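Heads up: the sequence lines are chains P and L, in that order.
Counting from 305, one number per residue, gives the positions in the first sequence under our numbering.
Counting from 4, one number per residue, gives the positions in the second sequence under our numbering.
Bear in mind the hints are in silico, worked out from the structure with no lab data behind them.
Note that this is a predicted model, so its numbers are computed, not measured.
You may find that some hints are simply not true.
[Claimed, not checked] Computed, partial: chain P to chain L, Cβ under 7 Å:
1) A395
2) H407
3) S408
4) A533
5) E535
6) G631
7) E696
8) N712
9) A735
10) S738
11) Q744
12) D748
[What the hints assert, rightly or not] Far from chain L, some chain P residues (derived; all Cβ distances over 12 Å):
13) K555
14) A569
15) E573
[Unchecked claim] Computed list of lysine-lysine pairs in PhoX-like fashion (alpha-carbon distance at most 20 Å, straight line):
16) L/K58 <-> P/K722
17) P/K687 <-> P/K343
18) L/K83 <-> P/K725
19) L/K83 <-> L/K202
20) L/K274 <-> P/K722
21) P/K725 <-> L/K274
22) L/K114 <-> L/K73
23) P/K343 <-> P/K372
24) P/K476 <-> P/K692
25) L/K301 <-> L/K228
26) L/K274 <-> P/K391
27) L/K274 <-> P/K753
28) P/K753 <-> L/K202
29) P/K753 <-> L/K20
30) P/K357 <-> P/K687
31) P/K755 <-> L/K228
32) P/K692 <-> P/K599
33) P/K692 <-> P/K725
34) P/K641 <-> L/K228
Note that the Cβ used here is the ideal one computed from N, Cα and C, for glycine as well.
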Amino acid sequence: MKKSWLVLMLALILVIITACGNSGSSKGNSEGEKGSDAKQDTVVVWTYPVHGKYEDDLKQLLADFKQKHPNINVETEVLSWAEGPEKFTLALNAGNPPDLYFHSVDGSYVDTGLVLPLDKYLTPEIKDDYLPGTLELGQIKGTQYGLPLYQFQWAWGGNKRILEEAGIDWQKIQKEGWTWSEFEAAASKLMKKLPDGSTQYPLVTDGTSLDFIEMLTRNNNMPDVLNEAGEFQWNDGRILDTLTFIQDLLKKGYMPAETAALAPAKRTEMFYAGQAAIISKAIPYYDVMIQNRNKDIDSGTVQGEKIDFVLLPVPHNDNAPAQTTMGGEGYVAFKQKKDKGEEHAKNTFLVMEALSGAQAGNSANELVLPFVRKSQADLFAGKGLGNKVNIEAAETMAKNISKPVVLNLDINDAAKMKQFKEQVVKPNMQALYSGEKTPQEIADDFIQKGKQILGK
Amino acid sequence: MQTQTMTAPPRTPSPFKRFWREYGWAYLFILAPVLLFLSFTLYPVVTAFLMSFQKYNIMNSTWIGLDNYKRMLHDDVFWKSIRNTVIFTIGTVPINIIITFGLSFFIYQMKNSWQTFFKATLYLPTVASGVTISIVWLAIFDPTDSGLLNRLLELFGIDPLIWLGKSNSALLSLMLMNWLGSHGAGIILYLAAMGGIPKSLYEAADIDHASMWTKFRRITWPLMKPTTLYLLVTGVITSFQVFISVYLMTQGGPNFATTTIAYLIYETAFKFYDFGLASAQSFVLASLIIIVSIIQFKYFSSDIEY
């Protein structure tokens, strides 16, 4: 009996030791198997399917990297856009983020104290390779926390057939931009009943995101809720004008009455069904995406009308300059609560640079977005995938760039602005869309809540 | 020497050894669930409780006393979320119990084969994931003319409704979804309980010429009370924690009309990274559930005999 107890207890201890010892050590074992070199290291990368072929790009980039740095293993995980942010948030706030994460730099990440400042790793060669104004897209208050892979650009998207049928000169709009009055004049021509009884709306947006109001306010002289100096912007006649403009569009039926309940996917669905002449958020990549959809329609795998996509600038208030919402996305480096040391940090930067270098420029190329590095632009010169007119439109819009204000904001102000947008702006916009609040009531609420949340 | 050893009186094992010999295996078997409970329930709960008094930061949390609780009590959105959660609970739990009981009562009158068919059919939504069901309901509530419910209204000449896009209909829409979906488990429990009622009670009632209503009121319903109490308590707990449908269908909108306390906790933690405040909100939710459950047991279980 005693013997059986002894055996049982030993087995239990072994199980516990095995279970506890196993956590996180599988990578260590594999390192040991590879030659027990003291310099062996593993860098963990969490990324997203940045474009349709990104996983192939990633394999190639890492294979090239491995040849140059055989002692550094790279473990990659491609997250889904839907679930990834939550997984990362949990890991970050548990003190165990990946070494590299694909995202734009974010003040709330810096606030955790786990983001790795990169300035000491950036060589003059790397800095020189970045095109003017692009490296700054990975900085917060002048400190480099990320390396941008491309510059994102938000615009509106139009259906060429519908625009031309209504006599809208979309090429002129791409070149010269348009004002709110000009947009309203165009909208009156774009609205009609379709043969199946449904309505063709001039403009469709969704009721859940903030992109629409953010883009319109930028085109009415407000860079964001706060400006770079941290001053409250959405508290005067400019925000009231913007809200009134949106309400007019709704009242005149230029936007669907059910906007408050429309999800982003429904907006795209309406665009594909010819029920939306223009959608309120588009990126230049839509050009490639819609070209692929057209091919699928030709091959019979997708049913529907083929669409020719045109990228359109966001209209601006008659008295305000045109602004294009742009920013940078790429890799941000992190350390863990149990810091793995300087050597690991250096290795992390080496991987980061490999994932952001010349070959990585294929992401900007695939997404029809402006390159961030000279070496990328050189390597992919003449290989652009989008239509020429849309590429030119994107280049024209990039001349009026409005960079994210959060890059220069104090971290506390950035956090408060985020809270203001989620808890004040979003519900008020839904109330505007559903006709439950007037622009004046919303503007008053912004002023009152601005004092409470932003303290301004 | 050998003889001495053989004749020595047997040693009495110590009480500990006797206890260990008798119950050791039992304690060993319960050790695993106890360890799991301590690691994955008690430890996180205690940590979260401490976190509710801190400005949480993974590298450097600071003790701020009751500030998170004060902030929470001064937050309009928190009170809206409490109001929405209470309305959702009052609007769903009793109605669900009535629907479940009614369906069970009718199914019980049927032949066994039909009972099996209906039990399986009505249990199906319970097996399906909340995500799948929410996506189906999103199509049903589609605000355009192509939405299933709007098409149904069109047959009666009623204009399309923006089900999830108006403050006055969004929460009701989520409640409607709940009324029509989650009865499977309750039906199984009620049918099992109805099967346990002695036939002799109904026979005695028949001899006394009792009507159907009297039999229901005097026999069926009283004997269903333990099951009803169980469904009431678990239903209230579940509806206080309603999250998936809000997250997938309305994101708490429009204008906070469907922000429930569970969704608010999620937003506070994962959108604003304010884990201290989210922990405080979680403890208020837990306290509410405990208080309501105690009240339910106090007032509804007084005449229940187990």
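Are L/K274 and P/K391 close enough, with their CA atoms no more than 20 Å apart? Measuring from Cα to Cα gives roughly 12 Å; hence the hint holds.
Closest C-beta approach of P/S738 to chain L relative to 7 Å, hint status: Constraint on P/S738 satisfied, holds at 5 Å.
With a cut-off of 20 Å on the C-alpha distance, tell me whether P/K687 and P/K343 pass. violated, 40 Å
Do the alpha carbons of L/K114 and L/K73 lie within 20 Å of each other, as the hint requires? Violated, at about 59 Å.
Measure nothing beyond the straight line between the CA atoms of L/K83 and L/K202; if it is 20 Å or shorter, mark the hint as holding. Roughly 50 Å between the alpha carbons, so the hint for L/K83 and L/K202 is violated.
Given the hint that P/K692 pairs with P/K725, test it: the Cα-Cα distance must not exceed 20 Å. violated, 36 Å
Double-check P/D748 for me: the hint is only fine if its C-beta lies closer than 7 Å to a C-beta in chain L. violated, 15 Å
Outside-interface status for P/E573 - nearest CB in chain L farther than 12 Å: violated, 9 Å
Given hint L/K202 paired with P/K753 - CA-CA distance at most 20 Å: Violated - the C-alpha atoms of L/K202 and P/K753 are around 65 Å apart, more than 20 Å.
Does L/K301 pair with L/K228 here, judged by a C-alpha cut-off of 20 Å? Judged against 20 Å, a Cα distance of about 14 Å means the pair holds.
Tell me if the straight-line CA distance from P/K692 to P/K599 falls inside 20 Å. Judged against 20 Å, a Cα distance of about 18 Å means the pair holds.
Verify the proposed pairing of P/K641 with L/K228, using a straight-line Cα cut of 20 Å. violated, 53 Å
In terms of the numbered hints stated before, the structure departs from hints 1, 2, 3, 4, 5, 6, 7, 8, 11, 12, 14, 15, 17, 19, 22, 28, 29, 31, 33, 34, listed from lowest to highest.
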